[in-house]
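This note's numbering numbers the first residue of the sequence shown as 63 and each following residue consecutively.
To be clear, the hints were calculated from the coordinates, so they are not data collected in a lab. Note that this is a predicted model, so its numbers are computed, not measured.
Computed Cβ-Cβ distance ranges for the label pairs, DEER-style: (1) Val-206 to His-298: 24 to 34 Å; (2) Ser-268 to Leu-245: 25 to 35 Å; (3) Arg-325 to Tyr-134: 49 to 59 Å; (4) Met-104 to Arg-252: 19 to 29 Å; (5) Arg-252 to Asn-210: 30 to 40 Å; (6) Asn-294 to Arg-325: 45 to 55 Å; (7) Ser-266 to Arg-326: 43 to 53 Å; (8) Ala-118 to Phe-189: 24 to 34 Å; (9) Ala-174 to Val-242: 21 to 31 Å; (10) Leu-122 to Arg-252: 19 to 29 Å.
Pairs of lysine to any residue, SDA-like flavour, derived with a Cα cap of 20 Å: (11) Lys-204 to Leu-293; (12) Lys-204 to Gly-132; (13) Lys-204 to Ala-114; (14) Lys-204 to Tyr-117; (15) Lys-204 to Leu-136; (16) Lys-204 to Leu-135; (17) Lys-204 to Ala-118; (18) Lys-204 to Tyr-134; (19) Lys-204 to Val-110; (20) Lys-204 to Ile-113; (21) Lys-204 to Ser-109; (22) Lys-204 to Val-106; (23) Lys-204 to Asp-133; (24) Lys-204 to Ile-192; (25) Lys-204 to Leu-111; (26) Lys-204 to Val-130; (27) Lys-204 to Asn-294; (28) Lys-204 to Arg-131; (29) Lys-204 to Val-194; (30) Lys-204 to Val-193; (31) Lys-204 to Phe-116.
From the three backbone atoms N, C-alpha and C, an ideal C-beta is built for every residue, glycine too.
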Amino acid sequence: MFQVQTQRSHSRTVLGMLELIYHSAVRDIRKSHRNPLMGLVMNVFQSVLMIASFYALFALLGMRSAAVRGDYLLYIMSGIFLYMAHTKAMGAVVGSEGPASAMMQHAPMSTAISICASALSSLYLQFLSIVVVLFIYHVTYKPVVIDNPIGAMEMLMVSWFSGVAVGTVFLAIKPWAPEVARLGSAIYGRVNMIASGKMFLANSLSASMLAIFDWNPLFHCIDQLRGDVFLNYNPHFSSPTYPLYVAIVILMLGLLGEFYTRRRASVSWSAAH
Numbered sequence: 063m064f065q066v067q068t069q070r071s072h073s074r075t076v077l078g079m080l081e082l083i084y085h086s087a088v089r090d091i092r093k094s095h096r097n098p099l100m101g102l103v104m105n106v107f108q109s110v111l112m113i114a115s116f117y118a119l120f121a122l123l124g125m126r127s128a129a130v131r132g133d134y135l136l137y138i139m140s141g142i143f144l145y146m147a148h149t150k151a152m153g154a155v156v157g158s159e160g161p162a163s164a165m166m167q168h169a170p171m172s173t174a175i176s177i178c179a180s181a182l183s184s185l186y187l188q189f190l191s192i193v194v195v196l197f198i199y200h201v202t203y204k205p206v207v208i209d210n211p212i213g214a215m216e217m218l219m220v221s222w223f224s225g226v227a228v229g230t231v232f233l234a235i236k237p238w239a240p241e242v243a244r245l246g247s248a249i250y251g252r253v254n255m256i257a258s259g260k261m262f263l264a265n266s267l268s269a270s271m272l273a274i275f276d277w278n279p280l281f282h283c284i285d286q287l288r289g290d291v292f293l294n295y296n297p298h299f300s301s302p303t304y305p306l307y308v309a310i311v312i313l314m315l316g317l318l319g320e321f322y323t324r325r326r327a328s329v330s331w332s333a334a335h
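With these hints in hand, go ahead and build the complete structure from the sequences.
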C-alpha cells in the first residue's frame with residue numbers, strides 16, 4: 063500500500079514539474095511579444111533575412127561553385143537553420159531566470175525548470191520557423207527533397223542541445239560576472255558565424271583549415287546535416303557523435319557551476335541591475 067502511494071506521489075511530482083515547465087515555456091514565448099504569432103513571424107523574418115544575406119554574399123564572392131551538388135538555397139538554409147537553433151537556444155538559456163530572480167521566490171519554481179522552459183520555448187519557435195520557411199519555399203519555388211529526414215532532425219536536435227549546454231555555462235557565470243556572460247555569449251555567437259562552417263563544406267577544406275574548425279560541435283552538426291539532406295554529399299571529416307558527447311560534458315560542467323552559484327546566490331546581487 064505504501065509503495066503504491068509513493069509511486070503515485072512521484073507520478074504527481076513529475077506531472078506537476080512538466081506542467082510547470084509547460085506554463086513557464088508559454089510565458090517565455092509571450093515575454094518578447096504578447097502575441098505568439100508575432101514572435102513566430104519575427105523569427106521567420108530573421109531566418110529569411112539571413113538566408114537572403116548569405117545568398118547575396120555567396121553570389122558576390124563567387125562561392126556558389128563551392129556548394130554541394132543539389133538545391134543551392136537548401137544548402138544555405140541547412141547551415142543557417144542549425145546556426146539559428148544553436149545560437150537562439152544559447153541566448154534563451156542565458157536569458158532565463160537566475161537563482162536571484164524574483165520568480166525563484168515561488169516554492170515550485172527552480173532554476174532547472176526555468177532552463178528547461180527557456181530551452182523548449184526556443185526549440186518550439188525554431189522548429190515552427192523551419193517548417194514555415196520550408197513550406198513556403200516548397201509551395202512557391204521548388205519542392206524540398208531531404209534524403210534522410212530522420213537524420214536531419216537528429217542533427218537539428220543535437221545542435222539545439224549543444225546550444226543549451228553552452229548557454230548553461232554562461233548562465234552559471236552570469237550572477238558572478240553579468241558583463242562577462244553577456245559579452246562572452248555575444249562573442250561566441252559572432253564567432254560561430256564563421257566557425258560553424260555554414261559557408262563551406264568540410265570535405266572541401268585542407269587539413270590545416272580543417273584543424274581550425276574541427277573543435278566546434280556546430281561545425282560537425284552542419285556538415286552531418288548536409289550529408290542527410292543531400293544524396294550527393296557524404297561527410298568524411300565530421301562525426302555525428304562528437305557534438306553530442308561534447309554537449310553532454312559542457313552541460314554537466316554548466317549544471318555543476320549553476321548548482322554552486324545557486325547555493326551562494328543572494329537577491330542583493332541583482333539589486334543594482
